Amino acid sequence: GQSLEQPSEVTAVEGAIVQINCTYQTSGFYGLSWYQQHDGGAPTFLSYNALDGLEETGRFSSFLSRSDSYGYLLLQELQMKDSASYFCAVNTDKLIFGTGTRLQVFP
Amino acid sequence: KAGVTQTPRYLIKTRGQQVTLSCSPISGHRSVSWYQQTPGQGLQFLFEYFSETQRNKGNFPGRFSGRQFSNSRSEMNVSTLELGDSALYLCASSMGLAGGSDTQYFGPGTRLTVL
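Going line by line, the protein sequences match chains L and C. For the first sequence, the tail end lands on 107 under my numbering, and the numbers increase by one without skipping. For the second sequence, the tail end lands on 115 under my numbering, and the numbers increase by one without skipping.
Keep in mind the hints are simulated off the structure, nothing from the lab. Every value quoted in this text rests on a predicted model; they were computed, and no experiment measured them. No false leads were mixed into what you were given.
Taking CB as the label site, the calculated pair distances span:
(1) L:Asp-68 with C:Thr-7: 41 to 47 Å
(2) C:Gly-16 with L:Gly-15: 50 to 56 Å
(3) L:Thr-99 with C:Thr-103: 18 to 24 Å
(4) L:Lys-81 with C:Arg-67: 33 to 39 Å
Glycine included, each C-beta is placed from N, C-alpha and C at the ideal position.
Let the hints inform the model, and build the full structure from the sequences given.
Here it is, written out as structure tokens:
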């Protein structure tokens, strides 16, 4: 089957940098996506890696290594509003989501 | 451009009843996917509709069904509700491009509680 594992929770302070890892056991996917979901809200798209390497979008960067079956989301200059759940997902003919990581940012 | 809308936002039903949820995609998007989100199972794919046809299906029982109309609006139906069907049901729309690289845009979800 296909599975994506993430740490359940990460904590950090404002201004810091945090990395959320995603390891997967799947094959034949088009790319790796990252979504943010605030409590009670809808998942919102953050980033997509079709190829290996780093993609940068403002304070957020995402990385994919297919040879290592691994990806990560890097959040820089953390703000309180970044407190949310973050999901990686592989793009096949559908999105298969990871287990999700709850990020708590403290002042 | 208006985002994905879902109605109703909250729903309370009892076991054995059926329910219909509605999703209006972003204008111009032809694909609508449905997901179930629960604390225990996370986000799980239910099915995808494209041009009024079911294009993909997840591993859910036949009690879960859906359809799509010519204006791309979609409905999902759950019959004979069980307690375990309590969840947040999310729909997501995309252009529907082949290859799975489409960005999916999610609606706010319908919170279904089965008593």
